[in-house]
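Undergrad: Sequence:
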Amino acid sequence: MGTKLNKSVLVTGADGFIGSHLCELLVQQGYKVRALVQYNSFNHWGWLDNSPLTKEMEVVTGDIRDPHFCKLITKDIEIVFHLAALIAIPYSYTAPDSYVATNVTGTLNICQAAKENKVARVIHTSTSEVYGTAQYVPIDEKHPLQPQSPYSASKIGADMMAMSFYNAFELPVTIARPFNTYGPRQSARAVIPTIITQIANGQKQIKLGDVSPTRDFNYVTDTCRGFLALAQSDATIGDTFNIGSNFEISIHDTLNLIKKIMTSDVEFIIDEQRLRPKDSEVHRLWCDNSKITALTGFAPEISIEQGLSHTVDWFLDNLQKYKADIYNV
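Heads up, the sequence shown is in the UniProt record's numbering, so the first residue is 1 and it goes up one at a time.
Since the hints were made in silico from the structure, they are not lab data. You may find that some hints are simply not true.
Only pairs whose alpha carbons sit at most 25 Å apart, straight line, appear in this in silico DMTMM-like list of lysine to aspartate or glutamate [stated by the list, open to error]:
hint: 1; residue 1: Lys32; residue 2: Asp63
hint: 2; residue 1: Lys260; residue 2: Asp271
hint: 3; residue 1: Lys291; residue 2: Asp239
hint: 4; residue 1: Lys118; residue 2: Asp49
hint: 5; residue 1: Lys260; residue 2: Asp313
hint: 6; residue 1: Lys118; residue 2: Asp239
hint: 7; residue 1: Lys207; residue 2: Asp239
hint: 8; residue 1: Lys291; residue 2: Glu272
hint: 9; residue 1: Lys321; residue 2: Glu56
hint: 10; residue 1: Lys259; residue 2: Glu248
hint: 11; residue 1: Lys323; residue 2: Glu267
hint: 12; residue 1: Lys207; residue 2: Asp265
hint: 13; residue 1: Lys32; residue 2: Asp97
hint: 14; residue 1: Lys260; residue 2: Asp317
Okay, the calculated beta carbon distance ranges per label pair [said to hold, decoys possible]:
hint: 15; residue 1: Lys204; residue 2: Glu272; range: 18 to 24 Å
hint: 16; residue 1: Lys71; residue 2: Glu141; range: 26 to 32 Å
hint: 17; residue 1: Lys260; residue 2: Thr133; range: 37 to 43 Å
hint: 18; residue 1: Arg65; residue 2: Pro277; range: 25 to 31 Å
hint: 19; residue 1: Gln205; residue 2: Glu141; range: 19 to 25 Å
hint: 20; residue 1: Arg189; residue 2: Ser212; range: 18 to 24 Å
hint: 21; residue 1: Glu170; residue 2: Asp140; range: 21 to 27 Å
hint: 22; residue 1: Ala101; residue 2: Ser41; range: 18 to 24 Å
hint: 23; residue 1: Pro147; residue 2: Lys204; range: 36 to 42 Å
hint: 24; residue 1: Pro277; residue 2: His68; range: 33 to 39 Å
Think of the CB as a built atom: it goes at the ideal place given N, C-alpha and C, for glycine as much as any other residue.
My request is simple: use the sequences and hints to build the entire structure.
TA: What follows is the structure, given as structure tokens:
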């Protein structure tokens, strides 16, 4: 397989939705985890503040936009899982410069630091958004890249920066390209938490953007297992891998599943504020996951019904952490 257990790993973006779950999985698998959370004066550690496993990690605060800091935190690290990024698509319309600084320059800084500190593996996080609206389905890794938002453009730039370090310097980079991850701790601006939190707060009408697009939804623990599978196989170095379920469902049908789980009679209405600009909406995402499966044996374990059920339960227990009455950009 390649990379063994008990290695020192760095997870950037450890305070975030996927990053916090990945840190927990790595601890459970016996890895020594250094968790990077974004520096802030409140000393908040994001979702790691609430994790029962945080005491088993080394939590550091800082910013990947600083190259000197990146060099410091990659010392004595064997695997970097690079998840730190600005990810909200709507915010990228108003603050595109910050996306380049964090996503492109931040990735450059991590790769440069990993190269200088002779890190054994770098797992760089991409996104299915780089594909844009599907030109064919299911989407494999050869699908053209289409920058339909400043966010996706910055992620395409970050992917290319990471891969350039493999080509130019033989840095052992693997690009992990997750499709639509959902589950406990996801931002309330994402569609599944938007629905759950509004229904839970007793709304009779729910405001949404376009509900016709399809997505390949993946429960967060499955996404994290995909990251680990890529890191544990040396055969994945220098290549890009989709992490997804090979299952397509429309936003509309997803909403109705949530309504059923929550036994709700809520009605959905279109909110103009939530619509993406005309040529920016990604209409179809359906993942071809045959490449990661063939190379690592990875396959998702949690069905959409199971995953939504777990997610609903978690949000009902944690509603106080969300501002469900305002639109999160």
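Undergrad: Does Asp317 lie within 25 Å of Lys260 when you go C-alpha to C-alpha?
TA: holds (19 Å)
Undergrad: Please work out if Lys260 and Asp271 have their alpha carbons no farther apart than 25 Å.
TA: The given pair, whose Cα atoms are some 22 Å apart, holds under the 25 Å limit.
Undergrad: Compare the distance between the alpha carbons of Lys32 and Asp63 with 25 Å, and conclude whether the hinted pair is satisfied.
TA: Measuring from Cα to Cα gives roughly 21 Å; hence the hint holds.
Undergrad: Is the straight-line distance between the alpha-carbon of Lys321 and that of Glu56 25 Å or less?
TA: With Cα atoms ~24 Å apart, Lys321 and Glu56 stay inside 25 Å; holds.
Undergrad: Within 18 to 24 Å: is that where the Cβ-Cβ distance between Arg189 and Ser212 falls?
TA: Holds, at about 19 Å.
Undergrad: Verify the CB-CB distance for Lys71 and Glu141 against the hinted window 26 to 32 Å.
TA: Since the Cβ atoms of Lys71 and Glu141 sit about 31 Å apart, the hinted range of 26 to 32 Å holds.
Undergrad: Tell me if the straight-line CA distance from Lys291 to Asp239 falls inside 25 Å.
TA: OK: Lys291 and Asp239 at ~10 Å, within 25 Å.
Undergrad: May I ask you to test the hint 21 to 27 Å on the CB atoms belonging to Glu170 and Asp140?
TA: With Cβ atoms ~26 Å apart, the hint holds.
Undergrad: Does the structure keep Lys207 and Asp265 at a Cα separation of 25 Å or less?
TA: Distance of about 14 Å is within 25 Å: holds.
Undergrad: With the threshold set at 25 Å, check whether the alpha-carbon distance from Lys118 to Asp49 stays at or below it.
TA: violated (31 Å)
Undergrad: Holds or violated: 36 to 42 Å for the Cβ distance of Pro147 and Lys204?
TA: holds (38 Å)
Undergrad: Does the Cβ distance between Ala101 and Ser41 fall inside 18 to 24 Å?
TA: Once the Cβ atoms are compared, 20 Å apart, the range 18 to 24 Å for Ser41 and Ala101 holds.
The structure fails hints 4, 7, 8, 13, 17 and 19 (numbered hints given earlier, in ascending order).
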